[in-house]
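Enquirer: Next come the chains, spelled out residue by residue.
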Amino acid sequence: MISLYLATPTWLHRIRVSYKLLALALISLVLIPLNSLWLWGAGLVLTFVLYGTLGGEALKQLISFRPILWSLLILLVLQWWLAGWHAGVLLVLRMSTLILLANAITLTSSMDDITEVMLWLLQPLKKLGLATELIAFAMSLCIRFIPLLIAILDHLIDAWKARGGGKQYWLVIAPMIIQSLVFSQHVADAINARGGIPKQ
Amino acid sequence: MRAQQSVLEQINLQLSERRIGIIGYNGSGKSSILRLLCGLMQPDSGTITVGEHCTSIGAKKLCRTIGLIFQNPDHQLIFPTVIEELSFGLRNIGYSKAEAIMASETILADYQRSHWRDKPVASLSEGQKQLLCILSILLMQPSTLLFDEPYSALDYPTRQQLAKVIANLDQQVIMVSHEPHTFAEFERVIWLADGKVQMDGQPTEVIRAYEANAEQRNHL
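As they're listed, the protein sequences go chains U and Y. Going letter by letter, the first sequence gives residues 1 to 200 in the numbering used here. Going letter by letter, the second sequence gives residues 1001 to 1220 in the numbering used here.
It is worth saying that the hints were derived from the structure and are not from the lab. Careful: at least some of the hints might be erroneous.
Each pair of labels, with its calculated beta carbon distance range [stated by the list, open to error]:
#, chain 1, residue 1, chain 2, residue 2, range
1, Y, T1106, U, L22, 49 to 57 Å
2, U, T53, Y, E1187, 55 to 63 Å
3, U, S64, Y, I1107, 27 to 35 Å
4, U, I32, Y, G1027, 27 to 35 Å
5, U, I177, Y, K1061, 28 to 36 Å
6, Y, K1196, U, L73, 55 to 63 Å
7, Y, H1053, U, L128, 51 to 59 Å
8, U, L50, Y, H1115, 46 to 54 Å
9, U, Q168, Y, S1016, 31 to 39 Å
10, Y, T1049, U, W160, 55 to 63 Å
11, U, L181, Y, Y1156, 43 to 51 Å
12, Y, H1115, U, P175, 50 to 58 Å
13, Y, K1060, U, F65, 54 to 62 Å
14, Y, T1049, U, L181, 29 to 37 Å
If you only want the chain Y side, here are some residues facing chain U, beta carbon under 8 Å, derived [said to hold, decoys possible]:
#, residue
15, L1040
16, T1081
17, E1084
18, Y1095
19, L1138
20, M1140
21, Q1141
Note that the Cβ used here is the ideal one computed from N, Cα and C, for glycine as well.
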């Protein structure tokens, strides 16, 4: 399985997951009300610098963001049309900065540690009688599935191109859904074959 | 069931040998037998007993008795790092986090793979992933291991090494393959064709008959 996790330990691996998440939350809270393009542009540049300090492997991970660029482009055009270019550029800068920062946390945190923080955050719900370990497990599986779905999509697009498929890439959506469902069945089997979902 | 067609019919087997091979062409029902044995699939009629358990109790409860190593390691490995993958099953059967990690570290050390501990699973080679799959199942201490075409994605030297690892296991091994020579050293080979037992016996005889049959058939 492909992973959103960096092999070589970096300085960011050593910081506790709870601190990293808290830092992300604070950065978002402080920056989101601000509308300066310069400020957000600087934020994005600093985010790239952050990736630089994590090493070449982290920079390579940025390539897997290509599919997201398309959605950002669509958002940019829509926002430009609806609210002007300033709002469009601002939205794209904001989203890419925050997504990349969040991704830096995923890259440097083990799933177990993320699950632990989630369980801690979900404590109030547990008092209401909700099975919080199920929610936490589902969330960590979501994180695991993102790179996987991107890989399935990349393979399908390659297969499409290899047989001379045109620009109508949206035609791979149906096989994409089927393959994702098949894969989810494999994961369910794998979980069941090893005793089901963990009880914390 | 594959497209409303029954995959296996009238199978009545007692599997007690230490090394059992199940051989057959694609679609003969080989993998279905393994899924039935570990409780991932339930029979439409009849019963399957593994040790003292009926497989109707389901895969979750059978995982300490019988363990399945998936054909494609990427379908079995769920977690980003080796240590998480190994401790996952143990957490499910009641180990604390610390106990699960300790047991996982012990098995890595037993197999001289301690340096794998924090490696991302994605960075392992196909053969290494296969070994990780086996170790994560061994940790659950099942008495029987099921292998579904374990060598299909491996190059020759890796395949030989993995065969050695499997040969050295204390557990009962039931392995599925379409490739007859895999089972030369096994005690018993069962040949499945169209969901029925075609032949059952010593490897030499079954393999010879299977090869002769494969020569005659034109599958393309």
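Enquirer: Between U:Q168 and Y:S1016, does the C-beta distance stay in 31 to 39 Å?
Expert: violated, 57 Å
Enquirer: Can you verify the interface hint for Y:E1084: is its Cβ closer than 8 Å to any Cβ in chain U?
Expert: holds, 5 Å
Enquirer: Between Y:T1049 and U:L181, does the C-beta distance stay in 29 to 37 Å?
Expert: Hint holds: Cβ distance 32 Å, inside 29 to 37 Å.
Enquirer: Do the Cβ positions of Y:K1196 and U:L73 conform to the proposed distance bound of 55 to 63 Å?
Expert: With a Cβ separation near 57 Å, Y:K1196 and U:L73 satisfy 55 to 63 Å, so the hint holds.
Enquirer: Measuring from the C-beta of Y:T1081 to each C-beta in chain U, is the shortest one below 8 Å?
Expert: Holds - the Cβ of Y:T1081 comes within 8 Å of chain U, reaching about 5 Å at its closest.
Enquirer: With respect to the beta-carbon atoms only, verify the hint that U:I177 and Y:K1061 lie 28 to 36 Å apart.
Expert: Since the Cβ atoms of U:I177 and Y:K1061 sit about 32 Å apart, the hinted range of 28 to 36 Å holds.
Enquirer: Range first: 51 to 59 Å. Now tell me if the beta carbons of Y:H1053 and U:L128 are that far apart.
Expert: violated, 36 Å
Enquirer: If you check the beta carbons of Y:T1106 and U:L22, does the distance land in 49 to 57 Å?
Expert: violated, 35 Å
Enquirer: Would the hint on Y:Y1095 stand, with a C-beta cut-off of 8 Å toward chain U?
Expert: Check failed: Cβ of Y:Y1095 comes no nearer than 10 Å to chain U, outside 8 Å.
Enquirer: Quick one: are Y:T1049 and U:W160 within 55 to 63 Å, going by C-beta?
Expert: violated, 48 Å
Enquirer: Note whether the CB distance of U:L50 and Y:H1115 lies within 46 to 54 Å or breaks it.
Expert: violated, 28 Å
Enquirer: Using 8 Å as the Cβ threshold, decide whether Y:M1140 counts as touching chain U.
Expert: OK, holds: Y:M1140 within 8 Å of chain U, min 7 Å.
Going down the numbered hints, you'll see the structure goes against 1, 4, 7, 8, 9, 10, 11, 12, 13, 18, 19 and 21, while the others check out.
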